[in-house]
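*Asks:* Spelled out, the chains give:
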Amino acid sequence: MKVLYFASLREAVGMESEDVEPTAEVHTVGELVEWLATRGEPWSDAFTASNRVQCAVNQVMARPDTPISGADEVAFFPRVTGG
Amino acid sequence: MKVLYFASLREAVGMESEDVEPTAEVHTVGELVEWLATRGEPWSDAFTASNRVQCAVNQVMARPDTPISGADEVAFFPRVTGG
Amino acid sequence: MQVRVQTEDFDPGDVIHDLGNGRPDMGAIVTFLGLVRDMSSTGAVHAMTLEHYPGMTEQSLEAIVTEAGGRWALQDVTVIHRVGRLEPADRIVMVAVASAHRGDAFAACEFIMDYLKTRAPFWKKEETPEGSRWVEARDSDDSAAARWEDREQA
Amino acid sequence: MQVRVQTEDFDPGDVIHDLGNGRPDMGAIVTFLGLVRDMSSTGAVHAMTLEHYPGMTEQSLEAIVTEAGGRWALQDVTVIHRVGRLEPADRIVMVAVASAHRGDAFAACEFIMDYLKTRAPFWKKEETPEGSRWVEARDSDDSAAARWEDREQA
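Chains as they are written, first to last, in the working numbering: chain A, 336 to 418; chain B, 336 to 418; chain C, 7 to 160; chain D, 7 to 160.
Quick caveat, the hints were computed from the structure, so don't treat them as lab data. Treat each hint with caution, since some may be false.
[What the hints assert, rightly or not] Per label pair, the in silico range of CB-to-CB distance: (1) C:His-52 with B:Asn-386: 53 to 59 Å; (2) D:Glu-142 with C:Pro-135: 56 to 62 Å; (3) A:Arg-387 with D:Ala-79: 53 to 59 Å; (4) D:Arg-139 with C:Asp-17: 55 to 61 Å; (5) A:Thr-358 with D:Glu-142: 33 to 39 Å.
Note that CB positions come from ideal geometry on N, CA and C, so glycine has one too.
Go ahead and model the full structure; you've got the sequences and the hints to work with.
*Replies:* Below, the structure written as structure tokens:
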């Protein structure tokens with residue numbers, strides 16, 4: 336599974352993307368966030384609730400209960416500020 | 336007093352403007368309309384209520400109770416349709 | 007602030023470019039451009055002629071723009087309205103509003119158009135296959151303008 | 007319908023001119039143009055850099071335009087958003103909407119901007135005298151977008 340990071344979140348984790356293989360219990364965006372954070376810093380800090388991290392699954396805005404599968408592209412980023 | 340007519344009202348009365356000297360009892364737009372219509376056609380027809388004629392006194396939108404004086408420029412026209 | 011009533015065409019790109027004279031604190035420009043349609047509610051339109059009330063026209067447009075400036079934080083406004091004979095796809099009117107923020111620019115631009123439609127002395131006469139006829143004012147334009155009265159009281 | 011994400015500048019006059027490809031039944035064109043301001047809520051801004059999510063950006067803009075087309079009777083829509091480094095007074099974004107009637111064009115243009123501000127994956131980093139900082143999302147943008155949800159239910 337490919338995980339992408341953008342903007343301040345990209346800077347916080349120090350990478351644009353990574354390939355990860357979460358455990359079989361990881362079925363949703365929310366579970367993926369928890370699993371990424373269990374790896375410690377920088378992810379544990381980047382995914383604190385106060386950051387209001389947003390997520391897209393396969394390039395569509397997602398929510399914590401959005402399901403994911405091993406083939407997905409999952410992106411995390413701060414609230415958008417374009418326009 | 337100068338009276339101007341525009342658009343379909345101009346065509347109905349057959350003139351762009353006229354100089355009139357209403358009687359001393361004519362103090363408001365509504366009274367001016369009545370006085371103009373007492374002269375018979377074409378004014379009596381042009382000022383029927385169904386035409387929803389609008390009025391401006393000294394180039395500002397007016398209502399039937401707007402006061403007028405001998406020095407005023409009073410314009411009558413149908414509802415506006417610009418834009 | 008600029009109000010123009012003219013027979014000549016205008017360039018929307020120039021209008022936008024000239025707005026605010028390049029001041030660097032503009033964040034939002036909203037424009038409305040009105041065009042002659044080849045159809046009206048009653049059929050085909052070959053052309054139209056716009057009549058106006060010289061003097062009052064400019065005065066009423068300026069009053070509308072001033073009222074908009076009192077309701078919202080605006081940085082610049084341009085209103086151009088053409089008169090005379092126009093054909094389908096020709097430009098009739100353009101309203102351009104600059105503000106620091108988009109909400110103000112959108113509201114003011116729509117407000118100016120709604121008031122222009124009901125308070126500025128312009129009249130359209132359409133040329134159709136059945137002859138010429140004066141365009142009837144639409145009650146929906148009155149309702150559009152009335153919305154802003156309600157908001158004022160709210 | 008056209009959606010473009012690009013580093014290059016664009017010409018607002020050309021965007022308006024190309025809209026609807028000259029179809030003669032367009033009555034109203036509403037445009038929004040967003041510019042870089044030299045001030046933000048926290049002070050002077052020398053420049054900003056816009057980051058985006060290639061692929062998702064275009065897809066989300068197209069989805070927003072499609073949703074607008076389902077809510078209002080639109081004849082053409084163009085959305086252009088720039089990315090990369092921009093300076094004060096530079097153009098950031100333009101939304102242009104053509105419709106037979108002005109009410110639809112105004113509503114759709116504002117809707118597209120409100121949704122773009124909250125749903126399209128762009129992020130701004132400002133350069134200020136105190137260094138670079140990511141722009142904070144504004145709750146007022148969330149409220150602006152939420153207005154349209156309410157209208158949908160109404």
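*Asks:* All the hints need checking, so say for each whether the structure fits it.
*Replies:* Going through the hints against the structure:
1. Look at His-52 of chain C against Asn-386 of chain B: about 27 Å separates their beta carbons, and that is not inside 53 to 59 Å.
2. Between Glu-142 of chain D and Pro-135 of chain C the Cβ separation comes to about 59 Å, which falls inside the hinted range of 56 to 62 Å.
3. Against the hinted window of 53 to 59 Å, the Cβ-Cβ separation of Arg-387 of chain A and Ala-79 of chain D comes to about 36 Å, which falls outside the hint.
4. Remark: the range hint 55 to 61 Å for Arg-139 of chain D to Asp-17 of chain C is contradicted by a beta-carbon distance near 39 Å.
5. The given range of 33 to 39 Å is respected by Thr-358 of chain A and Glu-142 of chain D, whose C-beta atoms sit roughly 35 Å from each other.
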